[in-house]
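Asker: These are the residues of each chain, in order.
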Amino acid sequence: MTAPVEETAFDPGSAAARATDAILHDTLHGPARGVVVDSPPGAGKSTLVVRAALELAEAGRPLMVVAQTNAQVDDLVLRLAEKNPDLPVGRLHSSDTDPYDKALDALDQVRTSAKAADLAGLPVVLSTAAKWAHVKNVEPWQHAIVDEAYQMRSDALLAVAGLFERALFVGDPGQLDPFSIVGAEQWAGLSYDPSGSAVTTLLAHNPDLPQHRLPVSWRLPASAAPLVSDAFYPFTPFRSGTDHGDRALTLAVPSDGSGPDRVIDEAAESGWGLLELPARHTPRTDPEAVGAVAQVVRRLLDRGGAAVSERSPDPTPLTADRVAVGTAHRDQAAAVRAALADLGVSDVTVDTANRLQGREYDVTVVLHPLSGRPDATAFHLETGRLCVLASRHRHACIVVCREGVTDLLDDYPSTEPVQLGTLVKFPDGWEANHAVLSHLAEHRVRWRP
Amino acid sequence: MSLISTLARLEAVDTGRAQPAATVRHRHLSERPLVFVPLITAGEAGAPLGALVGTDRDAPRLLVVPQPRDRELRFAFLAELADVVLPYVDGFAEAVEAAERSETDPETGKRVKVEVELCADAPQMLVPSRAGVDLVRLLGRSMRFRRTAEQDPETPFPAPPRVPLLGRWLTHFGERARVPGSCLLLAMTDVLGRHWATGQSTLEDQHLGALLAWIDPPEGRSGAEAAEEAELARDDDGQLICPPAGPATDPAFDNKLLAPAIERYDRARTALAAAEDGVEADDRLGALTAAEREIRALVESRTRPTWDAVWRGLDLLRELPEGARVEERRTRDRWSFTAHRDRVAAGEPPQPRRDDAVTAANKLAAREREQARLEAQEALDDPLAMAARRLSGEAFAGEVVDVVMAYSESKRPSPRPLVTVRTDDRPHLGERVKAYRSLGGKPQTAEFVEYAAGPDDGLLVLRIMDKMGRGKEPEPGSVPEKGDRLCFTLFEHEPRGGAKLPDPEETPWTHGGPPGEDPAPEPADPVTEEDLL
Chain A
1 MTAPVEETAF DPGSAAARAT DAILHDTLHG PARGVVVDSP PGAGKSTLVV RAALELAEAG
61 RPLMVVAQTN AQVDDLVLRL AEKNPDLPVG RLHSSDTDPY DKALDALDQV RTSAKAADLA
121 GLPVVLSTAA KWAHVKNVEP WQHAIVDEAY QMRSDALLAV AGLFERALFV GDPGQLDPFS
181 IVGAEQWAGL SYDPSGSAVT TLLAHNPDLP QHRLPVSWRL PASAAPLVSD AFYPFTPFRS
241 GTDHGDRALT LAVPSDGSGP DRVIDEAAES GWGLLELPAR HTPRTDPEAV GAVAQVVRRL
301 LDRGGAAVSE RSPDPTPLTA DRVAVGTAHR DQAAAVRAAL ADLGVSDVTV DTANRLQGRE
361 YDVTVVLHPL SGRPDATAFH LETGRLCVLA SRHRHACIVV CREGVTDLLD DYPSTEPVQL
421 GTLVKFPDGW EANHAVLSHL AEHRVRWRP
Chain B
1 MSLISTLARL EAVDTGRAQP AATVRHRHLS ERPLVFVPLI TAGEAGAPLG ALVGTDRDAP
61 RLLVVPQPRD RELRFAFLAE LADVVLPYVD GFAEAVEAAE RSETDPETGK RVKVEVELCA
121 DAPQMLVPSR AGVDLVRLLG RSMRFRRTAE QDPETPFPAP PRVPLLGRWL THFGERARVP
181 GSCLLLAMTD VLGRHWATGQ STLEDQHLGA LLAWIDPPEG RSGAEAAEEA ELARDDDGQL
241 ICPPAGPATD PAFDNKLLAP AIERYDRART ALAAAEDGVE ADDRLGALTA AEREIRALVE
301 SRTRPTWDAV WRGLDLLREL PEGARVEERR TRDRWSFTAH RDRVAAGEPP QPRRDDAVTA
361 ANKLAARERE QARLEAQEAL DDPLAMAARR LSGEAFAGEV VDVVMAYSES KRPSPRPLVT
421 VRTDDRPHLG ERVKAYRSLG GKPQTAEFVE YAAGPDDGLL VLRIMDKMGR GKEPEPGSVP
481 EKGDRLCFTL FEHEPRGGAK LPDPEETPWT HGGPPGEDPA PEPADPVTEE DLL
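Here the protein sequences line up with chains A and B, keeping their order. The opening residue of the first sequence carries number 1 in the working numbering; numbering runs sequentially from there. The opening residue of the second sequence carries number 1 in the working numbering; numbering runs sequentially from there.
Since the hints were derived computationally from the structure, they do not count as laboratory data. C-beta: ideal position from N, C-alpha, C; glycine also. One thing to keep in mind: the hints can contain errors.
Here are the in silico distance ranges between beta carbons for each label pair [claimed, not checked]:
no., chain 1, residue 1, chain 2, residue 2, range
1, A, H244, B, D190, 56 to 62 Å
2, A, T282, B, A345, 57 to 63 Å
3, B, A345, A, P417, 34 to 40 Å
4, B, E492, A, D118, 25 to 31 Å
5, B, A76, A, R355, 56 to 62 Å
Model the full structure from these sequences, guided by the hints.
Answerer: Shown next as structure tokens:
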């Protein structure tokens, strides 16, 4: 009888706080060598990492932080410095030119070096997994935080795991899996398959580690969280931190009745928009679809959009830096960039799903990975790719796609060989794609450019 | 599939002939390869039916298992195979040259140079298709844990003396074949498919007969017609005129010819066993020999066309000049061969069933590095391969239209000349993206500075960063000059090695800890009912 009461009384703030407390308790005082935290998109993963780092440092435990890219490391260093300007922090970097963000040089408490020995004794040292792998013959750290652990490959963890005694692993299981450029079928089914994700290997060998998850997405609006949760996290649902009505996107300039304007209105109203072009098999850089993406972006900026959210009661103008375009392939991104340049738009981020991971915008425009394709390959069906593209926005997401993707999904059975002993990933891309498309169909605007 | 290979395939359809996909040969071909054309028995995974094997195109050795479900006969086949393969492999083990290798000194922990032997050449095994490579691996797996009577007098079904050793070598060939660009074991369809683009799908290219029909169709016929005939044409008995390259056989052959012949053989054998006196036995032995001869003839009739096709493929490939960097990759094969030779000589146990965590990670890292190296080297060796990279925005070629001398802003200014290149390519450039060109075989680094007149005009300004010597003035020839035609790549020419992984004894807790101490050799697979006739 108590369950429905809890349901109505769901307070995102306290639910998230309870989860964070439990994670920090297990990390600081638990007996297990590792703690795994699953975090859906925008659930405050970086905030958690920063908080855990500060508490571990306060408890006097030497800490190393492993992130996957230099940008992620620099971002964490800046956040740590912002939260606690007195905490000495080490940034271990590579010996390439410009190995780290120049903003770090302005911070007195941050020491940078390419040699781990120079940073010995600092309470927190941060670097990428690739750089940590070169650190040899040092006293192991008492604790480590591994960020984006689901995007880290098992062999990368193998290279650094000797450096720490205990670790907190944080990541988003719904995003893109790590990949290798050569076949690794030979090791499929082995618990330590080097091409698998670090967390899969970790849990296969240590099944008793405590696993937590963050229950609230602060990024995704109330219109998006249920879809993303159902389609990509069916067994570990999450909620949005804000409710319907907490956020709004308004446009100063009224619609001119064109396809791009109508889809913008639909997305501003409902959080989702599907601009559907007539069915056709096209090359990857489909000029019409690319042009449609560029026009939607152009109109978004021209129509004087303004976003109201829980962050500020006053409307914030929707500027180019708050808009992003996501594609599946690099050549598509390049084509969109060129099309935008022709329309005089420069500062909008255009990138592939891989590179958009972990980023956040007010509005995203997505070129659907299966748009115009004659086949549905594993790459284009990968759940993580669609999940990343559909979960970068705080207000609205507009998908540009050719008609006929549902038929394509039904026509193409999965042809990947079944490997014995591997974990089958749920949901599979086929199902997730169908779930997203059937939801988008309710927000469809058909348009012939 | 890259844009240029799609185009080549369309052209192949249009012209009715395969189009070149390379201007040089990207794989080393041994002067004395060992060609191996195996057949397996339908429904019996890994049970060989027969093979043609050898180094002389006019005199292959025919090996046949007249009753593939008989373990004794299978062992006899494998022993015969060992008699051909092992002397061939051993023939490369003797000739060595001195080489240097850096190793970590166990006492000081420093890298030191050690003088070691390197085999002067390495063997090369050729099979018709990719399925043949898998069979080599499977044969290796089935043999390397077998015990001979000498190793273990108690073993219930001792293997002939050299069979376990053959298993170890075939396993080594099979593993090495997974390394991109390696040439110890090659599938003819893969090598031909790398050098020609046909008008059919890559799956269809796995049919050696059809692939050759596209590349070199008979006089007056189109590749498409010839390929269709190779795939489908049957004789009056309903048998394929161009039998599949194997190791699987055509069901019509199995049902109509092979099964009755094996049955006759079985009957003859039973009759011989039941013979009551010497005269009768003599007669029945004659019948058995005749039945066996019939099966041998059948196997030869299915393997000989494939054998000839493999050699024809070799002829076609040998017409292409070898790529400049192929020899370097071949040297890696020689190291691999030498290392396995040494492991065998040192009495080490056969390769384990499964790699441990560290070995698996090391192999994956090595193969990713070799893949990157292969792609870079193929592009540098071959303008056609480079064209594919240029089309995909990973490289650009153009003419130098301006060079302005500039210097770095340090206490000892070094030359950092600005070079303007005019190109029609559309590389994916961003601020300070690195580009490399080959300067005397070594990569010279440049950084992208800006578009001289907007992204559409194709005027790129690059800053040259290195390989200009130590002085204030760059060494002669190290800076591009006006009018030079250059090709820059956005990918590195030499992939960087990754960090060293821990030793297997130091496998961390996240990966299950160190593998258990297990000094006992791995047992062979247990004998099951299915193993016995």
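Asker: Check the structure against each numbered hint from earlier and tell me which ones fail, lowest number first.
Answerer: Hint check: nothing fails, all pass.
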